[in-house]
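A.B. asks: Sequence:
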Amino acid sequence: MKKLILSLSLVTSILLGATDNGNTLLNTAVDDIVYLNNYSKENLQTLSENESFLQDFVQKVNRYEKEINQFTQQSINQFQSKEEAKNALNSVEKLSYQNVALAKIAAYLASHQADNANESYNNTLKTLTQTTLRLSDDIGKMADRIGEMANRIGVMADRIIETQRIQSKNYQATLQLAQYTINQITKNTTHTQTMIVEQSSQMNSAVHKITPSPSTQQTLMQPNSSVTSTQNNPAPQSSSPTQLQSMQPSMIHR
142 MKKLILSLSL VTSILLGATD NGNTLLNTAV DDIVYLNNYS KENLQTLSEN
192 ESFLQDFVQK VNRYEKEINQ FTQQSINQFQ SKEEAKNALN SVEKLSYQNV
242 ALAKIAAYLA SHQADNANES YNNTLKTLTQ TTLRLSDDIG KMADRIGEMA
292 NRIGVMADRI IETQRIQSKN YQATLQLAQY TINQITKNTT HTQTMIVEQS
342 SQMNSAVHKI TPSPSTQQTL MQPNSSVTST QNNPAPQSSS PTQLQSMQPS
392 MIHR
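Just so you know, my numbering puts 200 at position 59 of the sequence shown, and the rest follows in order with no gaps.
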């Protein structure tokens with residue numbers, strides 16, 4: 142995670158300084174979200190089984206989203222050339238596509254949960270889904286802002302509209318993936334609850350099957366049945382010392 146931490150620190154410094162037209166920040170933001178996606182893909186199995194690992198990953202994604210959100214609220218310098226503006230538009234498109242990839246990770250985890258996934262795990266997964274939706278909204282604001290700046294410097298309207306079209310399409314994809322994730326979590330929770338009820342019902346059924354027979358019940362209900370049995374069948378007399386001495390050694394050791 143060293144690379145991720147360093148790059149996020151760079152994002153913070155750029156946000157606080159607001160010293161350029163946003164391209165440096167956008168390039169760093171793209172690198173970070175690509176890293177997040179690659180990291181999650183390499184650790185899918187662990188993310189699906191280990192809640193603490195998932196929580197740590199979601200915290201990093203949340204921190205990343207906060208950095209991006211800050212960018213939408215910062216003042217940045219105008220583009221000095223059409224080339225700068227086009228590069229910024231390209232970066233926004235990359236962010237948009239990468240955010241859809243993050244939403245796919247959440248959807249995958251929701252549909253491939255380990256058996257030990259619990260309510261806390263599901264809540265963490267919901268948090269990841271909500272973060273991808275916020276990111277998509279932030280990227281949409283970026284696209285509008287960069288588009289306005291690109292228009293001022295003379296970038297063709299068709300090029301700006303293309304970025305907006307891509308972002309709108311990816312926003313809808315993120316929304317659909319988020320809905321799928323939430324539905325899958327609800328389905329998994331309902332299935333787990335149904336299994337618990339069925340297992341409880343099976344246990345109760347098994348208990349009811351283990352009941353005494355009528356004759357046994359009648360015997361148990363007779364007063365002093367154990368005492369009567371003892372009186373009618375007196376205990377055998379213990380052997381006298383003489384009889385024990387007459388036994389063969391092998392019989393004693395058996």
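Hints are computed from structural coordinates only; laboratory data are not their basis.
Treat the hints loosely; a few may be bogus.
Unchecked claim - What follows is a list of derived Cβ distance ranges for each label pair: (1) Lys182 <-> Gln317: 33 to 41 Å; (2) Asn203 <-> Leu316: 16 to 24 Å; (3) Leu185 <-> Gln221: 16 to 24 Å; (4) Arg293 <-> Gln186: 42 to 50 Å; (5) Ser309 <-> Gln214: 18 to 26 Å; (6) Lys328 <-> Arg204: 24 to 32 Å; (7) Glu303 <-> Ser252: 42 to 50 Å.
Unchecked claim - Calculated lysine-lysine pairs in the BS3-like style (CA-CA distance at most 30 Å, straight line): (8) Lys235 <-> Lys310; (9) Lys310 <-> Lys201; (10) Lys267 <-> Lys227; (11) Lys227 <-> Lys282; (12) Lys245 <-> Lys328; (13) Lys267 <-> Lys182; (14) Lys227 <-> Lys328; (15) Lys282 <-> Lys182.
Glycine included, every Cβ here is placed at the ideal spot set by N, Cα and C.
A.B. asks: If a hint holds in the structure, say so; if it doesn't, say that too.
C.D. replies: Hint-by-hint comparison with the structure:
Between Lys182 and Gln317 the beta carbons are some 20 Å apart, a value that contradicts the proposed interval 33 to 41 Å. Evaluation of the 16 to 24 Å hint for Asn203 and Leu316 yields a pass: the beta carbon distance comes to about 19 Å. Distance hint check for Leu185 and Gln221: the Cβ-Cβ separation is about 43 Å, which falls outside the suggested range of 16 to 24 Å. Taking the beta carbon of each, Arg293 and Gln186 are about 48 Å apart, inside 42 to 50 Å as hinted.
Between Ser309 and Gln214 the beta carbons are some 22 Å apart, a value that agrees with the proposed interval 18 to 26 Å. The hinted range of 24 to 32 Å is satisfied by Lys328 and Arg204, whose Cβ atoms lie roughly 30 Å apart. Taken as a hint, the range 42 to 50 Å is violated for the pair Glu303 and Ser252, whose Cβ atoms sit roughly 33 Å apart. With a C-alpha separation of about 13 Å, the suggested pair Lys235 and Lys310 falls inside the 30 Å cut-off, and the hint holds.
The straight-line distance between the Cα atoms of Lys310 and Lys201 is roughly 26 Å, inside the 30 Å bound, and the hint therefore holds. A hinted pair counts as satisfied when its Cα atoms are at most 30 Å apart, and Lys267 with Lys227 does not qualify at roughly 35 Å. Between Lys227 and Lys282 the alpha-carbon distance is near 17 Å, which keeps this suggested pair within the 30 Å criterion. In summary, the hint linking Lys245 to Lys328 is supported, as the alpha carbons are separated by about 18 Å, within the 30 Å threshold.
For the hint pairing Lys267 with Lys182, the CA-to-CA distance comes to about 18 Å; that is within 30 Å, so the pair holds. This hinted pair does not check out: Lys227 and Lys328 have alpha carbons roughly 44 Å apart, beyond 30 Å. Simply put, Lys282 and Lys182 have alpha-carbon atoms about 28 Å apart, close enough for the 30 Å limit, and the pair holds.
Taken one by one, the earlier hints fail for this structure at numbers 1, 3, 7, 10, 14, listed in ascending order.
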